[in-house]
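Given the coordinates of chain H, work out where chain Y should sit on it, guided by the hints.
Here the protein sequences line up with chains H and Y, keeping their order. For the first sequence, counting from 1, position 47 maps to 47 in our numbering; every step adds exactly one. Just add 169 to wherever you are in the second sequence, counting from 1, and you've got our numbering.
Hints are computed from structural coordinates only; laboratory data are not their basis. Heads up, a few of these hints could be off.
Keeping only pairs whose Cα atoms sit at most 20 Å apart, straight-line, the calculated SDA-like set for lysine to any residue is [to be verified]:
(1) H:K142 / Y:F355
(2) H:K142 / Y:D298
(3) H:K67 / H:K21
(4) H:K21 / Y:G232
(5) H:K67 / Y:L190
Computed from a predicted model, the values in this text were never measured in an experiment.
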Amino acid sequence: MTDYLVPLLLLLACVMVLRKKENSHQILLQGAADGLKLLLTLVPTFVLLMTAVTALRASGAVEIIGKSLSPVFRFFGIPPETALLVLIRPFSGSAALAVGAELIAEHGVDSLIGRTVAVMLGSTETTFYTVSVYFGAAGIQKSRYTIPAALIADFTGFFIASLTVRLLM
Amino acid sequence: MLMSWIWTGMLGLSVIAALILGRGNLLAAAICQGAQAGISLAVSIGGSLCLWSGVGALMEKAGMVDKISRVMHPILHRIFPSTKRNASLSNALSANICANLLGLGNAATPMGIQAATQLSRNCNGTASDELCKLVVLNTASIQLIPATVAAVRVAHGCTTPFDILLPVWITSFCSAGAGLLATGIFRKIWRNP
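Chain H on its own, in the form it takes in the complex (with noise of 0.2 Å):
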């Protein structure tokens, strides 16, 4: 059934644009177009953090930095491979898209560890820099017990994301 989700959306979307008689073609192109521009800003960004994230697998880190933390891993049941995704997820999103992006090629895209890494990116948002987004433009400097209970969102993220992959997939 979720099959059908996204080419329904797109034709939905088209219809509807089509009903209010404006031109479906011309905003689906300027949209694409900002989208390159998008693309185009990210690109330096994803090859210093891709350069990052090679030299962190490269030389070992990423297993020292899972082996120690394997323990806390294994109790929550989220595989201790994806310790670096974890670590990344609420700083920055394009270095957590770097980073998950590794861990697919490496484990394989429909393993496990493929899975949850993809479960884990589209479901955790960059915890940090949204916070810092809404209190800047909303002019709050006590952020009180926001980043704790964000954390908490985001910690539960990683685990259920774990469960549901090895539950339902």
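Positioned in the frame of chain H, the structure of chain Y alone reads:
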């Protein structure tokens, strides 16, 4: 500034680990390979990124955000009681959540900030309970279609990139729920200095 620390930290860790494990040659090679992998990553998700950016513009123009927003209001009144008395806050908040749901980051952030500004009135720089809730809800991704991740999966040879949808929805729902629950508990025990 944060990214400078992250990048330097990643590189520093790599050098230390390479020194301990004697992997200097591997590290030097990895730095060249990694830069190339960055371009490959950008190229591999580029098409999808452009397409979904276009679809996002289309969904905005189609008025999908407004349509879903209307259904959201009763739920919002429960989570954010002050939306009952303030229609513009209620609209901004539901548009924020619906745009997030549809993956329209560009539309979600301005609406969210508008709601945050309204919630932060008369609070002298200290976040109110409802503002904390709004931000926590925004840090817990609630996205219907994780298009970027799907693109990464396709690039690595996956033929069913969207078979992660159900786990993603369950995970997002639990994560957002845990965040809201945490704000509910913290507001009772957090001491205001």
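Verification of the hints:
1. H:K142 / Y:F355: Satisfied, since the Cα-Cα distance of roughly 15 Å is no more than 20 Å.
2. H:K142 / Y:D298: Between K142 (chain H) and D298 (chain Y) the Cα gap is close to 12 Å, so the pair holds against 20 Å.
3. H:K67 / H:K21: violated (59 Å)
4. H:K21 / Y:G232: Given pair K21 (chain H), G232 (chain Y) holds - Cα atoms ~13 Å apart, limit 20 Å.
5. H:K67 / Y:L190: At roughly 14 Å apart (the allowed maximum being 20 Å), L190 (chain Y) and K67 (chain H) satisfy the hint.
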